[in-house]
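*Asks:* Chain by chain, the residues:
There are 2 protein chains.
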Amino acid sequence: MNRRHTIALDAMGGDHGPQVVVPAALRFLAHRTAVDLILVGDQARIETQLAGKAAAKLRDRIRVRHTTETVEMDESPAKALRGKKDSSMRVAIDLVKSGEAHACVSAGNTGALMATARFVLKMLPNVDRPAIITAVPSLHGHTHMLDLGANVDCTAAHLMQFAAMGSELVKAVDGVARPKVALLNIGQEEMKGNEQVKKAHELLSRSALNYVGYVEGDGIYLEDVDLVVTDGFVGNVALKSSEGVAKFVRHTLSAQFKRNLFTRLAGLAAMPILNAFRRTMDPRRYNGASLLGLRGIVVKSHGGADEIAFENAIGIAEKEIHCDIPRRIAEQVGRHLGEAPPARDVDDQDQRRATA
Amino acid sequence: MNRRHTIALDAMGGDHGPQVVVPAALRFLAHRTAVDLILVGDQARIETQLAGKAAAKLRDRIRVRHTTETVEMDESPAKALRGKKDSSMRVAIDLVKSGEAHACVSAGNTGALMATARFVLKMLPNVDRPAIITAVPSLHGHTHMLDLGANVDCTAAHLMQFAAMGSELVKAVDGVARPKVALLNIGQEEMKGNEQVKKAHELLSRSALNYVGYVEGDGIYLEDVDLVVTDGFVGNVALKSSEGVAKFVRHTLSAQFKRNLFTRLAGLAAMPILNAFRRTMDPRRYNGASLLGLRGIVVKSHGGADEIAFENAIGIAEKEIHCDIPRRIAEQVGRHLGEAPPARDVDDQDQRRATA
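Just so you know, the sequences run in chain order B and P. Per full-length UniProt numbering, the first sequence starts with residue 1, numbered consecutively. Per full-length UniProt numbering, the second sequence starts with residue 1, numbered consecutively.
Hints are not guaranteed to be accurate.
Put simply, identical chains are the same to the list, so a pair is met inside one copy or across any two.
Within a straight-line C-alpha distance of at most 20 angstroms, the following computed DMTMM-like cross-link-like pairs (lysine to aspartate or glutamate) qualify [claimed, not checked]:
#1 Lys198 <-> Asp153
#2 Lys247 <-> Asp218
#3 Lys79 <-> Asp94
#4 Lys198 <-> Asp74
#5 Lys247 <-> Asp282
#6 Lys199 <-> Asp153
#7 Lys247 <-> Asp306
#8 Lys247 <-> Asp224
#9 Lys171 <-> Glu331
#10 Lys247 <-> Glu223
#11 Lys247 <-> Asp15
Calculated from the structure, these hints are not laboratory results.
Could you put together the complete structure from these sequences and hints?
*Replies:* See the structure below:
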């Protein structure tokens, strides 16, 4: 209990690199006492960001690990994996593999992070592919959803694995005894959906999970479920569409308040309420998606994250260390898959797609 | 020019049947002069709704066509098609086929509407499957998106057909000379996405359409595109997720204003702005999705539509009659598919899925 943990941060990842990652690291350290950080990336650029007063007090809890390469945001995962063995992303993951760090966080290229993490850390038993999971705000507090883009073509057996992993995560981090698991579909009737979804529905219905059936897209935000399971293409589109609507709403609302002097005054009166509303909806509070199914903890931050958002992603990594997520998944997922057919019938092409 | 048009309404469809459809019909007739309506459904229930003063003035522009059956919202499309030849939905479509009506509108079961419309009206040349299209609000006014649930498994060639049809629709109804067509994907880089999407990207890049490349989910609302093309599963999830977020936002915002006396007063001051905001975002203004690719005009209303929303769907049918959409698609789609491989390699199973 209460032993110190270490988290490695890919300081070069994301749209802003050390300019965001280092201040986020300092914020995080100021708020937490039992965690140390390793900042991985260009030493000179990191030290520049560490040159302030605030950093001095926290400096003994920070190590800098110099690397010479950076994975670009639009670089092919295969190229990053083969060609950049001294990238900040790769070395941050290597630190998890070696046990020097208990988790790593990166705002870098998702595909490269997936491929590298899978190659370096390997999969847990009974899991074929990593899946990306995150929490989204909902009428009932929040809902977890996976997969969010790691796997563009999934079989029913993969969806079943995602459900088992996600359920374990929710159990651990939210303390929900029997998380309500739903499958994303285009209707709630049995006959709707594509073949994978219908087969996954059968597998989930026979499983020991607390499966509550199909939800439609709006159910992610409106229905009382703890976990929504879908393939990576659909999950990614659902999440990004939602972000788009939320941005559109914020823009439209603020445009209405700026129309004239009267609306500006009304806006002033309504300011505290609007601010409270913004906090509830703040996407930064939900930044940080975990790569589940690996033999180690890897958290992906949004590429455009600011320091508050990136700090949140570090917090997610810390929580998963405390909950010992990979061990729990290793122990529990096989049990849930007892009644499901083996998913090992995945062909090579599928495997390649997963990391493409 | 200015000749009278007739639209058939499935008065029994949707969650509320004649209670919503008949008042919506009266609203529509009061606002438009050159259109007559045929209300299809249970005569007694329709007449009850027509018994007011408002109806008397408009009564000569309404015909009632009695039917004895109703397609249930959760009925299988195949069962509805084979078993209910005197349903309000079927007869409304039959009226389009016979030429008595120029278009029909239904808030009924989407699958049944699709299957019945396809069986009765048949497909236009060069089009394999109908696709559902609607407009959604965006930073740039609005964007059209298809397919929204008619087809859960699409080939690249189908996506190409959807793009060509959607582009013609946007050209006609919005008067855009060269609509900007985008393909929905999970990243904007060439290597991302599944196989269909990558192939469709190639077909679209070679086509005469004004193809602008990939957009991600948030691009539907934020990017300057006129048409977003995707398969029915993804499109449906994107649309429903967006509806869910919008509802969640409205709920959260109104909860913030109701917290205490002060926030209620602030809410009162902000009321006109919030109302203007609600109008901009009002989903009722966007109710009405067209089934493209058929030899006739069929508009689907949201099942839960109220009379303002259903009136909007009738307006969409009217606009498509004016623009002569099926003829335009028949004339133009073949041209755009000139360079695409024939899509007739669709197997029987695919065909069955499309109406499942």
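*Asks:* Of the hints stated earlier, which fail here?
*Replies:* none
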